[in-house]
Amino acid sequence: MTTDKLIEPDVSPAHPTKAKAFLKGTLAMMPLTIAVVPWGILAGSFAIEVGLTPIESQAMSAIIFAGAAQLVALGMVKAGIGLWSILITTLLITSRHLLYAMAMRSQINPLPLKWRLTLGFLLTDELFAIANQGKLHKFDPWYALGGGLSFYIGWNLATLLGIVAGNAIENLGELGLDFAIAATFIALVVPTVKKPSILVCVLVSLTLAVVCALFEIQAGLLFAAIAGMTTGVLYAKVTKEAERAEQSATELESTQAQTEADIGTGTKSQTETEIETKSASGEKA
Amino acid sequence: MIWLMIFSMAAVVFISRHLLLEPKLPLRLSKGTQTFLSYSAPAVLTAIFAPIVFVQEGQLDLSLDNSYLICAVVATILALVTRNTLLTTVLSMGLFFFIH
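Residue numbers (the working numbering), protein chains in the order written: chain X, 1 to 285; chain Z, 1 to 100.
To be clear, the hints were calculated from the coordinates, so they are not data collected in a lab. Even glycine gets a Cβ: it sits at the ideal position worked out from N, Cα and C. Some hints could be false.
Stated by the list, open to error - Sample of chain X residues with no beta-carbon within 12 Å of chain Z, all distances over it, derived:
| no. | residue |
| --- | --- |
| 1 | 20 |
| 2 | 149 |
| 3 | 161 |
| 4 | 165 |
| 5 | 169 |
| 6 | 170 |
| 7 | 203 |
Said to hold, decoys possible - Here are the simulated lysine-lysine pairs, DSS-like style, with alpha carbons at most 25 Å apart:
| no. | chain 1 | residue 1 | chain 2 | residue 2 |
| --- | --- | --- | --- | --- |
| 8 | X | 114 | X | 24 |
| 9 | X | 114 | X | 138 |
| 10 | X | 240 | X | 194 |
| 11 | Z | 31 | X | 194 |
| 12 | X | 240 | X | 195 |
| 13 | Z | 24 | X | 138 |
| 14 | X | 18 | X | 138 |
| 15 | X | 237 | Z | 31 |
| 16 | Z | 24 | X | 195 |
| 17 | X | 20 | X | 114 |
| 18 | X | 114 | X | 78 |
| 19 | X | 20 | X | 195 |
| 20 | Z | 31 | X | 240 |
| 21 | X | 18 | X | 114 |
| 22 | X | 24 | X | 138 |
| 23 | X | 237 | X | 195 |
| 24 | X | 114 | Z | 24 |
Unchecked claim - So, partial list: chain Z residues that the calculated Cβ filter (under 7 Å) puts toward chain X:
| no. | residue |
| --- | --- |
| 25 | 21 |
| 26 | 47 |
| 27 | 72 |
| 28 | 79 |
| 29 | 82 |
| 30 | 89 |
Okay, chain X solo, but in the shape it has when bound:
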């Protein structure tokens, strides 16, 4: 990395030095870097099992750097599915990154091109999780670089470990390393289920993915995921989920007005202030 040559971005006063911010990002990312190890081992050993050379296996992690997409693509290569199907599936799996980039746009787009390219390349679910925690004005590129780069290195070392193990140990797949995918994804999905419509989306996707797997339908992942997303959106629309959140806030306001009328005073009582706080937080949720 020739980071010294980069034009210096605004360094937040919260981190006196670049190195400190870089280290802070690395440390913030550490639990996620550890959690990705079994998954990286799986990516490496699975690639070997599918028949890739060690160099190709490592290149997947080094160049693509997208765990879910890599594993799904390897499964498709193993099943003899063609490149176009693999690319369309990759596009769907990776489409969530469009949202991450959009959320971080205001923080990253004032930075020079080298920074944008680097952080864009490193923008994973994990980096988004540590770098986009509502610190809009405090965004520090060195912190993001520390988190992103350490995660990249961890992912690639774990892949290397998997390649070595995959070459050395026969039938590594029978150890059930694929449970690492399930465990990681469950841990990532469960906290996202904050609304009934997301639960509906997850259940539809789950059921259809299982049914497609049983009938050995090749595009099962695409079909199940798109059906889940569509059902979720429709459910939210039909039940007016978003509006209801607003409405409950409005209802609180009207209760508040009622209370005001009952009390018969123009001054704010403590209860009113409490209700106001509640409705404000309700709108945010």
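Once you have looked at the hints, place chain Z on chain X.
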């Protein structure tokens, strides 16, 4: 063929990550697209892990002998209770390697 796949996949992934970071690009996602995409992570991740958990050797396996299923249920409960990704992953995987 594998190298073509690696580079074309890398292009798709990189473009999706980088595209909207570009200030010169006038592109904005509409409200509807954003809403739709907000469901993509849970839907896609679920569609990937569900067959691993529920389908064993081409058959639906809902029995207590299915250690994938048992550990997945444990992972779900852990994730609900602890809200901690690392703890959920490590504990459920530990249990899995223990009983599998």
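Evaluated hints:
Listed as a non-interface residue, residue 20(X) keeps its Cβ farther than 12 Å from every Cβ of chain Z; the least gap is roughly 24 Å. For residue 149(X), the non-interface assignment is confirmed: its Cβ lies about 15 Å from the closest Cβ of chain Z, beyond the 12 Å cut-off. Against chain Z, the non-interface label of residue 161(X) holds: every CB pair exceeds 12 Å, the least being about 16 Å. The claim that residue 165(X) is not at the interface with chain Z holds, since no C-beta of that chain comes within 12 Å of its own (minimum 15 Å).
The Cβ of residue 169(X) sits about 15 Å from the closest Cβ of chain Z, beyond the 12 Å cut-off, so the non-interface label holds. No beta-carbon of chain Z comes within 12 Å of the beta-carbon of residue 170(X); the shortest separation is about 17 Å. The Cβ of residue 203(X) sits about 8 Å from the closest Cβ of chain Z, inside the 12 Å cut-off, so the non-interface label is violated. For the hint pairing residue 114(X) with residue 24(X), the CA-to-CA distance comes to about 21 Å; that is within 25 Å, so the pair holds.
For the suggested pair residue 114(X) and residue 138(X), the alpha carbons sit about 20 Å apart, so the restraint of at most 25 Å is met. Straight-line distance between C-alpha atoms of residue 240(X) and residue 194(X) comes to about 15 Å, which keeps the hinted pair within the 25 Å bound. Distance restraint check for residue 31(Z) and residue 194(X): the Cα-Cα separation of roughly 19 Å lies within the 25 Å cut-off, and the hinted pair is therefore satisfied. Pair hint residue 240(X) plus residue 195(X) holds up; C-alpha atoms about 12 Å apart against a cutoff of 25 Å.
For the given pair, residue 24(Z) sits about 23 Å from residue 138(X) by alpha-carbon distance, which is consistent with the 25 Å threshold. About 14 Å separates the Cα atoms of residue 18(X) and residue 138(X), which keeps this hinted pair within 25 Å; it holds. Proximity of residue 237(X) to residue 31(Z) is assessed by CA-CA distance (about 13 Å); at most 25 Å being required, the pair is judged to hold. Restraint check for residue 24(Z) and residue 195(X): the C-alpha separation of about 35 Å exceeds 25 Å, so the hint is violated.
Only pairs whose Cα atoms come within 25 Å are accepted, and residue 20(X) paired with residue 114(X) is accepted, the gap being roughly 21 Å. Annotation: proposed proximity of residue 114(X) to residue 78(X) is violated, straight-line Cα distance about 37 Å (limit 25 Å). Among the hinted pairs, residue 20(X) with residue 195(X) is inconsistent with the structure: their alpha-carbon atoms are about 38 Å apart, more than 25 Å. A threshold of 25 Å between alpha carbons decides the hint, and for residue 31(Z) with residue 240(X) the separation of about 15 Å falls inside it, so the pair holds.
Restraint check for residue 18(X) and residue 114(X): satisfied, since their Cα atoms lie roughly 16 Å apart, inside the 25 Å limit. Between residue 24(X) and residue 138(X) the alpha-carbon distance is near 14 Å, which keeps this suggested pair within the 25 Å criterion. In summary, the hint linking residue 237(X) to residue 195(X) is supported, as the alpha carbons are separated by about 13 Å, within the 25 Å threshold. With a C-alpha separation of about 15 Å, the suggested pairing of residue 114(X) with residue 24(Z) holds against the 25 Å cut-off.
Checking residue 21(Z) against chain X: minimum C-beta separation of about 5 Å stays under 7 Å; hint holds. Against a cut-off of 7 Å between C-beta atoms, the interface hint on residue 47(Z) holds, since the closest Cβ of chain X lies about 4 Å away. For residue 72(Z), the suggested interface contact is upheld, since its CB lies about 6 Å from the closest CB of chain X, less than 7 Å. Among the interface hints, the one on residue 79(Z) holds; its C-beta lies about 4 Å from the nearest C-beta in chain X, closer than the 7 Å criterion.
With a least beta-carbon distance of about 9 Å to chain X, the hint placing residue 82(Z) at the interface is violated under the 7 Å criterion. The restraint placing residue 89(Z) at the interface with chain X holds, with a minimum CB-CB distance near 5 Å, inside the 7 Å limit.
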